[in-house]
Amino acid sequence: MIVRIFDSDIYSGVLFYQQKWKISQLMKRTYLGEFEEIVLLTVAVMEGQAYGVALMNEITEQTGRDVRLNQVHSALQRLEEKGMVKSALGEPTAERGGRRKRLFTVSAYGHRTLQEIQEVRVGFWSRLVNPFRLSVQIN
Amino acid sequence: MRQPNLQPPSLATRLLVWFIAPHLLEAIQGDLYEGFQYNVVHLGIGKARWLYWREVFGFFKPMYIKRKQNLYSSSSTISHIMIRNYFKIAFRNIKNNKAYTLINVSGLTLGMTCGLIIFMLVKYHLSFDNFHSNADRVYRIVTEQHRDNVSYQRSVPAPLGKVFRNEYTFAENVARITTYNQALITLKNGNNLKKFKEEEGVAFAETDFFEIFNYPLLEGNKQTVLTEPNTAIMTQKTAKKYFGDENPIGKVFWFDNKIAFTVTGILKDFPENTDRKTGIYASYVTLKTYDSWLGSDDSWGGINSSVQCFVRLRPGVSVAQVENVFPAYPKKYRPNSKNVHHYKLQPLSEVHFDARYDGPMEKRNLWILSVIGLFLIATACVNFVNLATAQAFKRSKEVGVRKVLGGLQAQLFWQFISETFLISALAIVVSVVLSYLVLPVVNSFFNTQMSLNVFTDVQLILFVLGLGIIVTFFAGSYPGLVLARFQPIIALKGKLSQASIGGFNTRRMLIVAQFTISQMLIIGMVVIVSQMQYTRQADLGFNKDAIVMIPLGIDTTGVKMKTLKSQIEDIAGVEKATLCFTAPSSQQAWNTGIRFDNQLEDVSFQTSIKAADADYVPTFGLQMVAGRNVFPADSVKEFLVNEAFTRKLNFKTPQDAIGKVIGANGGTMEGPIVGIVKDFHDRSLHEDITPVAITTYNDNYSDLAVKVNLSNVKNTLTALEQAWIAKYPDQIFESQFLDENIARFYETEDRMLKLIEMFSFIAILIGSLGLYGLVSFMAAQKTKEIGIRKVLGSGVTQILWIFGKEFSMLILVAFVIAAPVGWWVMNSWLQDFKFRIQMNFWTFASAIFITFFVAAITVAYKSLRAALLDPVKSLRSE
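Protein chains in written order, with the working numbering: chain A, 1 to 139; chain B, 1 to 878.
No wet-lab data here; the hints were simulated from the structure. Treat the hints with care, as some may be off.
Said to hold, decoys possible - Each computed EDC-like pair below joins lysine to aspartate or glutamate, with the alpha-carbon atoms no more than 20 Å apart:
#1 B:K727 / B:D570
#2 B:K61 / A:E61
#3 A:K86 / B:E26
What the hints assert, rightly or not - Which bits of chain B does chain A cover? Going by a derived footprint, with three or more residues having C-beta under 8 Å, they are:
#4 33-47
#5 54-64
As the list claims (entries may be wrong) - So the derived label-pair ranges between C-beta atoms look like this:
#6 B:V404 / A:A88: 24 to 34 Å
#7 B:R14 / A:L128: 19 to 29 Å
#8 A:E95 / B:K88: 25 to 35 Å
#9 B:I469 / A:E95: 19 to 29 Å
#10 A:E91 / B:N505: 48 to 58 Å
#11 B:H23 / A:L128: 43 to 53 Å
#12 A:F124 / B:R54: 54 to 64 Å
#13 B:R14 / A:E95: 20 to 30 Å
#14 A:E91 / B:R485: 33 to 43 Å
#15 B:R485 / A:A88: 57 to 67 Å
#16 B:V404 / A:G64: 53 to 63 Å
We treat Cβ as the ideally placed atom computed from N, Cα and C, and that holds for glycine.
Working from the sequences, and respecting the hints, build out all of it.
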């Protein structure tokens, strides 16, 4: 539908640009950074129990990377701005010095995006004529 | 696993709390805390602390620091849309409150115009002689004379420059210049004479003068124009005056009918900001012909104020180095004289400002003016604040509605600032125009040549812009803050109390400040007026009325003056006449050392020698205390001295001095004291009475003092002129009344007086504008109170007293501050006069009376209207 407006010549120049700008905004949203993707996946995996430190620990365990809290938080914030996660404050707990957690869940849009990414990758993998053999690893 | 006692580093936490946006803080802090506790268990406390710090710094990023936008403010405070809105509202308000705007704009305009003019004046004076290359190395050699007191001379003995140049290499250039004011310039064309009086005179200058000072030569060779005798150069303007459009090079003019000069070069006209106004420069070698003593190499005996010596030191040469070699000169060249001469270097930058050395404008006066200017601008701002806060009450509803509809405090603040900005911009435009109109008056008043170039003068543009911005914020920020802080509910319900409007007290304080300033200015004015009156009416010890001073013409034979005197004595309206050097009271003086009673050394004080014939005492009505008048003579035979002279020599009674022989001028003028005259003021009242000796000495007579009968002055003056012209047909007649001459001693004070008069008038005007605003506000506030009072039976006078009480208090408080400060300032001003008035009760009474009077007039109208208002009307409005 967006593309149709883009093609049409009924619209004057100004609108054309406005639309173009909107499209680029929208297209940008579907783009996910590699780290963001991992965070989003982790949030999905943790099913409602995802918050800053827990996410950091999980990612460190699963990927073996040295992840810092502020990186996780900024990724979460960007994901939230893009509408892929939602957040809500949980109950205060003692191990946090009486502070509440901000718990993250994946939104429908986030789910769809993850799926799209997955589909694109699967598509590519399936077209791979000569899949890598595990035996050809470095000794 | 739980070890809740271990806390993360508190400093790091505090840092975090400080910079993280509040809406992000809780989750982040919680996460950090949890991570810290985990790390304590698994990695140990030290490592955990370190990691905590690292994480805290990790959050130092814009995305965490940036505060959340208020959801309800769609446009930011200073966006172009809001700015447009601010100005639109401001315009509407200005249009709707014309009287208010008028009061404000006129108050600010007055203050700003004064500020602008004063700025111009200060800038003009600070720019003097700043266009010479390497001006920081240029000095004038000046003399301090240490006798029983220290006196300062801008000049040095004429040969000093020459020997300094020959003996030392400290200076790149040394230039002597000798200036004679009031020169008579004559152009001879056959029998046709053209006479000119050159006020600024003729200067004999060495070539180096034009190396040191940047006065470029348009025609002629800089190196050679002033090397030959009888050559001269002049400025374009002067050349044009004498020779019109003809080529002036090679033309001849006569100076004082003594010397003919050939023009060899033309100087570019000097800029206005230089103290050097002389238009004609003659070669220094010719000075010998004009004044053989000054032009010679051994005129070390005295200092003539027309001689000046400028040097430009080599780079790296210090003032102390040069001043160290000077003491040798008086020892070597003035062996007989006591060591009273101390030569000093005066930087060129101080020449214009050092009054001791005849600098025309003291820096102190510039400071005083600046402070007054600042005061006036401040009172105008205060005024604005006053009126604006009074106005605030009316606008409380507007503010309430704006706030309810989502107006932010900052937006409201900027809205009021932009209103102030419009008003002050308007005031600036008007005051620039006003300054344009006033500038010619100011110029003639201060004898300056300032010009207002609003579009090219960068400093001026910056000043005007700065003034606008400062005034806007100074005047606008307080009312802006007050208005922006209104609580919408209270404002809309109309329940604003005075306290929430920013305090009646603040405005009271401002009014007190204004009255303090006005009263201080009035005290200053009254003191100056009375001192000036005192100087005008003080008994100077001689008769200064109806005396015409006529400078004698130039006459090489020296006999014309005697015949002129006897002819003039025969004129009908002339009562007496005397030939003399100066009037008893004069700014010219010849001071010299005296040898007393055949001693070989001069006494320690200087005596002012007044050469005059035997008619001097009767013409000026000097009173004899002892002895008799001198007998007529042509040379020094006898002396009259004043009481101060006998006091200095420690005579018990004046009588004792009679018969003692004194020798003046290095012993060359010798004679006995035959009479003592009563002390008279021989200088302005700024100075003490100096020891004076009067003697007959033809060579020194330069004026004819004529006492005329005032009944037919006009005819007498014409007759005087005719007699004079008949004697000196090739010269120009001038005459001046002595009392006018003496009044000119106090030109500076007169100017100061007029300035203070004007400034205090403006200060009072601005102050009463503010007062008017305040009383209108009060009247509006008290409408109901007055209504109730009237219903309960109080009379008009009682109600008027409500207002009167208020303002009397304010004026009294202001007076308590102004009186001591004014006393202190004016007392130090009076210290400049050796003979002065005492400040008395009436000085201060008049200050308080004037302010009281003005305040009463201002307050009366509004308060009377409030008092006369029908209570039915005032009480019905609910």
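Please list, smallest to largest, the hint numbers that this structure does not respect.
The structure breaks hints 2, 7, 8, 9, 12, 15; every other hint is satisfied.
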